[in-house]
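Make the full structure from the sequences, and use the hints.
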Amino acid sequence: MPTRTVILSHFEQVAKEQDKQLAPFDDNLPLLETGLDSLCLAIVVARLEDQLGVEPFSAAAAEDLPFPTTIGEFVSFYEVAAHA
Amino acid sequence: MLSLGESPNLPGCMLCTANGDVPLGLLRTNSCLDAAASSLDGRSVVVWTSGLVEAAMALVELDGIASRLVLCPPGIGPDLLAYVIETAAADVVVSDQTRPEGACTATWIGCQRELHPAYRPAPTRATEWVLLTSGTTGLPKLVVHSLASLTEAIRTEAAPSTVWSTFYDIRRFGGLQIFLRAALTGAPFLLTDVQEPVGDFLARAAACSITHISGTPSHWRTALMNPNAKLISPRYIRLSGEIADQTILNNLSAAYPEAQIVHAFASTEAGVAFEVTDCLAGFPEKYLSALNGVEMKIQNGSMRIRSGRLAMRYLNRDQASLLSSDGFVDTGDLVDLRDGRYFFMGRRDGVINIGGLKVHPEEVEAVMNRYPGVLVSLVRTRRNPITGAVVTADVALRSGETGGPELERELIGFCRASLAAHKVPAVIKFVPRLVLSETGKLIRHG
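Top to bottom, those sequences are chains A and B. The first sequence runs 1 to 84 under my numbering. The second sequence runs 1001 to 1446 under my numbering.
Since the hints were derived computationally from the structure, they do not count as laboratory data. Every residue, glycine too, gets a C-beta built ideally from N, C-alpha and C. Mixed in with the good hints, there may be bad ones.
Unchecked claim - In silico negatives: residues of chain B with every beta carbon more than 12 Å from chain A:
(1) Glu1086
(2) Asp1096
(3) Glu1295
(4) Gly1413
To be verified - Computed list of lysine to any residue pairs in SDA-like fashion (alpha-carbon distance at most 25 Å, straight line):
(5) Lys1441/B with Leu1224/B
(6) Lys1358/B with Glu1285/B
(7) Lys1297/B with Leu1322/B
(8) Lys1441/B with Leu1397/B
(9) Lys20/A with Glu33/A
(10) Lys20/A with Ser76/A
(11) Lys16/A with Gly1355/B
(12) Lys20/A with Gly1356/B
(13) Lys1358/B with Leu41/A
(14) Lys20/A with Ala1421/B
(15) Lys1297/B with Phe1328/B
(16) Lys20/A with Ser1418/B
(17) Lys16/A with Glu1285/B
(18) Lys1441/B with Pro1227/B
(19) Lys1429/B with Gln51/A
(20) Lys1429/B with Glu49/A
Unchecked claim - Quick look at which bits of chain B chain A covers, simulated, 3 or more residues with Cβ under 8 Å:
(21) 1387-1394
(22) 1417-1428
Structural data, given as structure tokens:
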């Protein structure tokens, strides 16, 4: 399954669990306007770590690289990490 | 105060083991030690045995004789033994094992379950009883009690035909309490054997017709999974050492409808504080003012106890004082008042922080354990770049149940219905079983 599909399905699943209304996906949509709050994003990150085996934030923090701010950046953040 | 060996009911107490029975009354005219008990008069003695029976016999023989008896639980290897000897200023080790090479300069006295006739000197002193409890540094804390503080909660008249048993090791507080109950009331006492599988223990318990049995909620969850749990029919079941949630109380009531089910609050430092007999989790608010001989108060959310059953002090030089200036022990157990009842929330030192919000693992576990099909759960924390940490859970299912993504979603939904969002596990892992520590509690760290 493409990384993008995996990520978006976790967004949808967590939104459902937490009773959040998701905004229509668009690569330019800021993460914090997706309808998910920081706890929801934390859950998505934890589940992606289990499914994809990567958690790119720690490595990015260690190298002083910027964190993703939009859906598109979030997806490519994981795509790069998953194929590294 | 009588010494343990002088207790009038002692001859009624028999230690029932996998290798035969040992009547404790024999110790009035016999000895398990390789040296005359009188040579240990006034000495500080470490009891370091591999066997439980040997430890029990040494305690009976030396209480009232030695100035201090330090009871080592299993898991104290030669390095820690040296630490215990030094901390307790001990000059004698009583043991059924050979002296570890280079371990210590203390006098080594052998101890075995085969008794030999010996003169028993009259007890002359109130011996200090020192129990070990795990410290946060990895070194054990040495907690000073007396026979009086350890036994104050025990009524010496036993119901007829009582046979005691416990899943605990008697070299720790929870098990020692039961051993002392049996010794002071003169009841037969079934001990676990070292490394004995729970099914074998239950079969022996059934063969001995045990009537009273104690353990942690984790011990009981494990026992109820075992087909041999059906073999025993106790009249009295006692839980202690961990939070007794409503699920385990209900499961025990269903499995043993004839039994009185009691959960007790006790710790090595606080002694036995109280018992709850209504088969409901938590304890009534009125306990704060109505307990006989035990004072309780809640301060900064945690339960404090003052009574004649408290330990007196730590022997470790680097430990903070065991008692506060007003003589209370802070148990570190957090409680929450709801509808006239206090519920245990977990340990103050076990709180997880999720983005600045607190989560007590035990609160989440209690909810998950209510879900049909869940045998037991363990809540952990996992580092997370967004909120600092998230809650995760390991879940062991009842036999016949299978974990998978669908059950994970159902369980998360179940938690979401009664817990705040930050307390709901982000990830659930289904595991075949959860590991218990030697104290019979879920292992929370490492």
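Hints, verified against the model:
no.: 1; hint: Glu1086; result: holds (43 Å)
no.: 2; hint: Asp1096; result: holds (48 Å)
no.: 3; hint: Glu1295; result: holds (41 Å)
no.: 4; hint: Gly1413; result: violated (7 Å)
no.: 5; hint: Lys1441/B with Leu1224/B; result: holds (15 Å)
no.: 6; hint: Lys1358/B with Glu1285/B; result: holds (24 Å)
no.: 7; hint: Lys1297/B with Leu1322/B; result: holds (16 Å)
no.: 8; hint: Lys1441/B with Leu1397/B; result: holds (18 Å)
no.: 9; hint: Lys20/A with Glu33/A; result: holds (11 Å)
no.: 10; hint: Lys20/A with Ser76/A; result: holds (24 Å)
no.: 11; hint: Lys16/A with Gly1355/B; result: holds (21 Å)
no.: 12; hint: Lys20/A with Gly1356/B; result: holds (21 Å)
no.: 13; hint: Lys1358/B with Leu41/A; result: holds (18 Å)
no.: 14; hint: Lys20/A with Ala1421/B; result: holds (12 Å)
no.: 15; hint: Lys1297/B with Phe1328/B; result: holds (9 Å)
no.: 16; hint: Lys20/A with Ser1418/B; result: holds (17 Å)
no.: 17; hint: Lys16/A with Glu1285/B; result: violated (39 Å)
no.: 18; hint: Lys1441/B with Pro1227/B; result: holds (21 Å)
no.: 19; hint: Lys1429/B with Gln51/A; result: holds (12 Å)
no.: 20; hint: Lys1429/B with Glu49/A; result: holds (13 Å)
no.: 21; hint: 1387-1394; result: holds (count 3)
no.: 22; hint: 1417-1428; result: holds (count 5)
In terms of the numbered hints stated before, the structure departs from hints 4, 17, listed from lowest to highest.
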